[in-house]
Amino acid sequence: MLNTDLNLAAPDDVYEALIELHRDLAPEQSRLVNAKLILLLANHIGDAAVLRQAMAKAREGISPAGQDATLRATA
Amino acid sequence: MDGSMAERVDYQALVLPYARSPDQDAQRPVRHPVIIVGAGPVGLAAAIDLAQQGIRVVLLDDDDRLSTGSRAICFAKRTLEIFDRLGCGERMVGQGITWNLGKVFFREEPVYSFNLLPEAGHRRPAFINLQQYYVEGFLLDRAQALPLIDIRWKNQVTALEPQADGVLLQVATPEGEYRLEADWLVAADGSRSPIRRAMGLESKGQTFRDRFLIADVRMDAPFPAERWFWFDPPFHPNRSVLLHQQPDGIWRIDFQLGWDADPVAERQPERVIPRVQALLGPEARFELEWVSVYTFSCLRMERFRHGRVLFAGDSAHGVSPFGARGANGGVQDAENLAWKLALVVQGQAPESLLDSYDAERVRAADENILNSTRSTDFITPKNEASRAFRDATLELARDCGFARRLVNSGRLSLPCTYRDSALNTPDTDAFDGPMQPGAPAADAPVRAGGEEGWFLSQIAHGGFTLLCFGEEPPDNFPGIRGVPLRPLLVVPAGAAQRQAAGLPVIEDAAGLLARRYDAGPGATYLLRPDQHVAARWRRFEPVLVTAALARATGQG
Ligand SMILES: Cc1cc2nc3c(=O)[nH]c(=O)nc-3n(C[C@H](O)[C@H](O)[C@H](O)COP(=O)(O)OP(=O)(O)OC[C@H]3O[C@@H](n4cnc5c(N)ncnc54)[C@H](O)[C@@H]3O)c2cc1C
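Chains A and B, in that order, are what the protein sequence lines are.
Final position of the first sequence in my numbering is 75; the numbers increase by one with none missing.
Final position of the second sequence in my numbering is 556; the numbers increase by one with none missing.
Derived pair list, reagent style SDA-like, types lysine to any residue, alpha-carbon separation capped at 25 Å:
1. Lys-382/B - Gln-29/A
2. Lys-36/A - Asp-232/B
3. Lys-103/B - Asp-216/B
4. Lys-382/B - Ala-48/A
5. Lys-382/B - Thr-74/A
6. Lys-154/B - Arg-28/B
7. Lys-36/A - Ala-385/B
8. Lys-382/B - Pro-263/B
So, partial list: chain A residues that the calculated Cβ filter (under 7 Å) puts toward chain B:
9. Arg-31
10. Leu-32
11. Ala-35
12. Lys-36
13. Leu-39
14. Asp-68
15. Ala-69
16. Leu-71
17. Ala-73
18. Ala-75
Listing some non-contacts, in silico: residues in chain A with all C-beta distances to chain B over 12 Å:
19. Met-1
20. Pro-11
21. Asp-13
22. Glu-16
23. Ala-17
24. Leu-18
25. Arg-23
26. Val-50
27. Arg-52
28. Gln-53
29. Gly-61
30. Ser-63
Bear in mind the hints are in silico, worked out from the structure with no lab data behind them.
Note that this is a predicted model, so its numbers are computed, not measured.
Cβ coordinates follow ideal geometry from the N, Cα and C atoms, glycine included.
Bound-form chain A, shown alone (with noise of 0.2 Å):
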């Protein structure tokens, strides 16, 4: 299950340090980055059921206004 109730000793400093991390970094940098870090943690957690409920709630009412570079094929 994912813990969604406070878990960190001390929020403020990892908040400071997130943001600290990308600190003067350019948009594609910090984009890289997060995807670094997305990794590590996920690697580290492991539990593929907690990952996807992390996902999900990531992705709460979020609707795409975007696009992908994917075409539909029909033969």
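Based on the hints, put chain B with the ligand in the right spot on chain A.
For chain B with the ligand alone, kept in the frame of chain A given last:
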């Protein structure tokens, strides 16, 4: 065995002569039990398999040449095992380049490598590389040696009319049109499948917005017989490159070009040569054999059986080539279909057995599409975030073990385990290991009649096998009328001579068979003609075997 004459045939240049068939002069359309449309790898494999099981086959192809240009090169272990059963595996492996290792580079550094066959005790390697025209040529040579196969080149199916108990075909030849009737039609007519279109059916999926330059290059090169894949190499920045060795001093190089590349301009030698030179270095000498630019799609038909018409290979499904799952998957369609169709044609199984072809091979196609889509998503990221995850994975892969396993340059073709097939008898006894009902049988070294050999060639007779482990042969041997079932007793190394004549017996030469099948004395496996497991028990029980055999032939 195959003679040096055959070795020298230039299969790329071979012209297969049209010959008039007596059917063209018949008053009414001549009816055949099975007509296969398309003499690609899938149609040829299906024809051989059916003929080996005693079924007369007419094979129609609109062309008079084998495969041309850059097409399939990687043929997987399971496909080679099928070719062994079809009588041409040894030739394929003899001519092909054997490989088991894949390496992935990010920029200049190796980040991940994989061994696709990490254990010994298998006859066939993980892969060989062999040009598709050789594969088709060797299949053709085998097909031509089988009198039950009637191959008709320059016979193009132009229309068809499905009927309740068969299909009526219109065929165009250089000498005009004629008609044929088939009880069963196998549509192995490739990705554009005119038969699919004529029946108003579709294959659906997605196209990846990317283009790939595929160059077959003749050269002397110092690279080993391994699959090398680069992400963002200095010689082709921001994109990927794949390198494979082929026979005859030819190398396959795939350059990712991106969606905006001009497919016509990129094919020109003045564009291609600098790309190859950048990879090989300024000193390298090479010649271009063949160059094409491709865009890849993953798609499939909703169903592969439509009454008396059965779709197999690229007509039924398509994948991007990362993973080499196209021809490999198609040959496995052919083998799944052949034994079922043979039993139905011979009246030994109900037509409904063919619905299991649809169920099992749709499942296999989905597995192939899933794997090849995942690889393509990694190689061709479809949005900013997937690009970021891809690059993050590659950067982390240098010093984090877990990330290496996420690097996806292709998950290479493996056979499907038909886990929830209606033909399986679910386990009632506990077993370990992968040989569950639906799994393709694993190979192992065995001794038969005093000679060293391989397990899979002992179960390559085209019928069901009842494999019994232990020194005591079962008495009261079960079976169902009409369905061939061959017993095979497995005894420990050195124990064969103690057996009385009667049951065929093999020795488990290295003890690997018992280990791979988690089999103690008494363990019994029912294996299908396509060498997949149908059922298994800890103890031999004739009633259960009969029931499982009925179930595996659609009569349960
Ligand atoms: C660049 C590239 C690389 C690939 N690499 C690999 C790989 O490494 N490994 C792998 O497994 N797969 C690979 N593939 C895929 C592989 O080439 C195909 O999956 C395979 O050829 C499919 O075989 P098939 O017999 O279904 O169809 P095809 O080979 O397309 O054969 C269909 C046949 O039907 C005939 N035909 C069509 N219409 C009619 C008609 N109306 N009447 C009579 N005959 C007709 C055609 O002439 C043809 O001979 C690759 C493909 C490409 C493009």
